[in-house]
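Peer 1: Read off the chains here:
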Amino acid sequence: MILASLKKIDIRATLIYWMFAAIFLLFALLLHDDGFLQSNNLLNIFRQTATITVMAVAMTFVISAAEIDLSIGGVAGLASVVGAIMLRDHGLIQGILGGLAIGFVVGSLNGLLVAHVGIPSFLVTLGMQGVAIGFAALVTNYYPIPILNDTFNAIFGSGTFGWFPGLLLWSFTAVIIGWITLTKTTFGRRVLATGGNRDAAEFNGISTKNVKFKVMLISSVVASIAGLLYAGRLQTGRYEWGAGDELSAIAAVILGGTSLFGGSGRIIGTFFGALLVGLINNGLILAGLPVSQQQIVRGLIIILAVALAKKK
Amino acid sequence: MSSNFNVVEMNDISKSFFGVKVLDNVSFAVTSGEIHALAGENGAGKSTLMKILQGVYTLDSGEIQVTGEKASIHSFQDARKYGIGMVFQEFSLVPELSVAQNIFLDREHKNRFHLFDEKETIRQSKLVMEELGLDIDVTAKVSSLGRALQQLTEIAKAIAGDAKILILDEPTASLAKEEVDALFKVLKQLTARGVSIVYISHRMDEIYRICDRITILRDGKKIAVSLLSEISPQEIIAHITGRKDVEMLTHEGKSIVRSSTPIFEASGIQVGSRVNNVSFKLYPGEILGLAGLMGSGRTELVRAIFGLDKKDGGALKIDGQDVVIKNPREAIAHGFALIPEDRRRQGLVMEHSVKQNILAANLSSLSHLNFLSFSKINNVVQDSIESFEVRPSDANREVRLLSGGNQQKVVIAKWMATNPKIVLMDEPTVGVDIGTKVEIMKLVRAIAAEGKSVILISSELPELLGVCDRILVIRKGEIAEELDRKDVRDEDHLQMIVQGIKV
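Chain order of the listed sequences is A and B. In case it helps, the working numbering puts the first sequence at residues 1 to 312. In case it helps, the working numbering puts the second sequence at residues 313 to 815.
These are calculated hints, taken from the structure and not from any lab test. Honestly, I wouldn't trust all of these hints.
As the list claims (entries may be wrong) - In silico DSS-like cross-links for lysine-lysine, where the CA-CA straight-line distance does not exceed 27 Å:
| # | chain 1 | residue 1 | chain 2 | residue 2 |
| --- | --- | --- | --- | --- |
| 1 | B | Lys629 | B | Lys333 |
| 2 | B | Lys476 | B | Lys393 |
| 3 | B | Lys733 | A | Lys214 |
| 4 | A | Lys214 | B | Lys638 |
| 5 | B | Lys788 | A | Lys184 |
| 6 | B | Lys393 | A | Lys209 |
| 7 | B | Lys788 | B | Lys638 |
| 8 | B | Lys533 | B | Lys629 |
| 9 | A | Lys209 | B | Lys638 |
Just so it is clear, the structure is predicted and the values come from calculations on it, not from any experiment.
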């Protein structure tokens with residue numbers, strides 16, 4: 001009886017929570033003396049994963065629609081740079097709008113090429129990643145652009161609402177909006193239907209081109225917000241911000257139980273996936289591993305975790 | 313047929329899927345150098361039998377002998393070893409490679425450095441083509457060839473692999489007349505070399521033209537084997553259709569008022585060369601059948617009406633008003649619904665639940681300001697499951713876990729929830745068990761009884777005869793005949809008309 005009911009629980013669906021708990025416990029035991037469990041450190045994990053979390057939420061839509069976006073890291077870097085320059089030269093509002101504009105432009109281009117020209121998103125965004133990083137390096141000549149505007153740094157970085165850290169608020173907002181959109185709106189259903197079976201979606205009267213365009217646009221705009229969050233937290237715009245984040249975001253999404261082949265999406269799972277990635281990063285730093293070893297261990301853990309989460 | 317030994321013998325073959333017997337003690341033999349027709353309705357067991365011969369399925373009982381020796385065939389590779397070649401309906405060619413490269417795919421000639429020897433491959437391919445009397449540029453990319461040449465390439469590939477037995481499944485479905493002639497010439501040439509051919513086709517005229525013998529299957533049983541010179545088309549049709557249980561299929565004569573404005577009118581519909589100047593009218597509450605052979609253009613016609621494919625000409629009217637339909641969204645807005653030919657690929661998201669699938673076609677009516685109304689959704693889904701008797705009646709069950717018949721009910725249910733005026737159905741009972749077939753046909757009647765109009769494509773003539781008020785016979789993309797149901801005597805009669813045999 002008990003065995004039968006145990007078998008009914010879909011391990012894969014809840015895998016991310018088990019993994020999260022296991023790794024949390026492991027670190028709590030091993031890294032206790034390094035201050036892993038101190039509230040400051042735990043808060044830090046949240047703060048540092050805010051950028052990954054918001055991008056991973058948008059990535060959930062992209063992957064649910066059976067596409068991929070590898071340009072988000074580059075977009076974040078470019079948005080941080082453009083935002084910082086506009087902020088320095090024109091003011092706060094212009095800085096924010098300038099950063100977001102990068103997301104709109106790149107997202108529209110990605111969407112156009114993927115949905116309407118029909119180039120695989122993998123290639124479009126891989127190319128676009130290089131373009132974005134290159135542009136960011138070019139306009140800044142590789143130098144960081146410091147941000148001295150306290151309002152900007154408070155909104156996108158160190159600010160708090162009462163005791164509540166602003167970056168945490170950004171994460172929660174992204175997760176809540178993402179969850180509502182995916183599960184409670186017609187758009188969410190169109191995304192899932194498109195990713196699940198594009199032909200059937202077309203027969204249903206869903207404009208799958210429109211859906212694909214929109215998910216690519218959303219992903220880039222959200223990546224530009226993430227770029228602003230980097231700029232605010234680190235009080236600089238720099239072309240390197242966000243480098244490699246596409247892999248962390250994709251890992252978060254797949255760890256969270258979203259199918260890599262489209263048609264299913266789990267926002268809450270993505271949230272925990274992002275936290276897990278952040279947890280791993282944090283633990284490896286506390287353990288005192290040099291960057292090279294961090295990269296090796298992080299890469300292996302992510303591959304292992306995704307292998308476990310893979311749908312058979 | 314001078315040397316009359318059996319190249320292949322399949323003795324007492326039985327096969328069941330999920331407890332359903334699809335082949336029941338079937339024996340089948342092909343002699344050297346003959347063209348042997350394999351006939352039967354969809355689901356009679358033809359393709360299962362051939363798939364066993366190719367190693368796709370394993371037989372439950374019985375045995376296969378190739379040139380007198382017991383053969384165990386468990387894969388394509390095994391089949392190839394025994395000289396059994398298949399010409400697939402969907403070709404197994406790599407479009408971006410040349411004809412020569414395709415012919416020797418997986419058996420490439422290598423030069424002394426063990427590298428791919430292009431010259432030798434081309435030379436050998438030319439030899440094969442010469443042998444077959446074909447004039448195909450072997451260096452051309454396969455993608456640049458028409459369908460007929462692709463098919464001949466496919467045959468050349470099988471021959472180059474030393475096939476002794478070739479299986480062709482509806483090889484002429486998408487070929488023009490001259491292309492059919494060319495194909496038949498090649499087949500005759502092959503038999504002269506001692507190659508045997510299993511020819512699966514629904515086309516009576518072709519069977520008589522090139523086949524020597526025929527084996528007829530019905531409901532998984534072998535019904536007859538005969539020399540074609542000793543059997544009449546009428547006898548073949550009688551064997552194929554049999555005297556089947558016609559309980560639901562007795563036509564209930566109902567009167568359709570055809571003096572009013574038609575609910576739908578198509579005039580001069582043109583889709584490439586596949587649909588040619590098709591015009592017809594459809595009246596409220598009417599069920600209009602489209603009969604025809606595979607590849608006759610019926611699917612293309614409804615796809616064009618529904619806006620899935622571009623129309624190259626023609627006009628549509630709904631309730632007497634001109635309408636333009638460029639995509640499925642516009643078709644749906646005008647009150648159309650399409651139950652597609654292939655429910656797994658076109659009708660459903662297999663990994664999604666029954667509820668999600670029903671919802672996908674009804675997003676605008678089941679939402680408010682783009683937010684889903686879950687109380688409405690639950691009501692509609694529950695109603696759909698109940699009135700269409702989807703089993704099991706679990707809204708959250710993934711549709712891939714349902715039986716074929718229940719999956720089809722979900723497709724129909726989701727479209728009926730859109731409250732369409734005109735329902736297009738393309739082979740709605742394919743891959744559905746007998747019991748559910750009856751249910752689906754009853755649903756078709758019920759839909760028409762509500763005043764909706766139905767256009768029904770079916771290759772199962774009893775279905776058309778059971779529910780249609782009028783039947784259009786489509787041949788080569790054109791309306792060959794328009795028949796009032798009352799003027800069709802029985803299935804054999806309709807079959808003759810579809811085949812174009814003068815009655």
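Peer 1: If you draw a straight line from the CA of Lys788 of chain B to the CA of Lys184 of chain A, is it 27 Å or shorter?
Peer 2: 48 Å, violated
Peer 1: Hinted pair, alpha-carbon criterion (27 Å max): Lys476 of chain B, Lys393 of chain B. Please report holds or violated.
Peer 2: 10 Å, holds
Peer 1: Has the given pair, Lys533 of chain B with Lys629 of chain B, been kept, meaning a C-alpha gap of at most 27 Å?
Peer 2: 47 Å, violated
Peer 1: For the pair we were handed, Lys214 of chain A and Lys638 of chain B, check the Cα-Cα distance against 27 Å.
Peer 2: Roughly 22 Å separates the two Cα atoms, so the pair holds.
Peer 1: Keeping to a limit of 27 Å between CA atoms, is the pair of Lys393 of chain B and Lys209 of chain A held or broken?
Peer 2: 46 Å, violated
Peer 1: Taking 27 Å as the top limit, are the C-alpha atoms of Lys209 of chain A and Lys638 of chain B close enough?
Peer 2: 15 Å, holds
Peer 1: Hint check: Lys733 of chain B vs Lys214 of chain A, CA-CA at most 27 Å. Holds or violated?
Peer 2: 32 Å, violated
Peer 1: Going straight from one Cα to the other, do Lys788 of chain B and Lys638 of chain B come out at no more than 27 Å?
Peer 2: 24 Å, holds
Peer 1: Starting from Lys629 of chain B, check that the Cα of Lys333 of chain B is at most 27 Å away, please.
Peer 2: Since the Cα atoms of Lys629 of chain B and Lys333 of chain B sit roughly 47 Å apart, the hinted pair is violated (cutoff 27 Å).
Comparing the model with each earlier hint shows violations of hints 1, 3, 5, 6 and 8; every other hint is respected.
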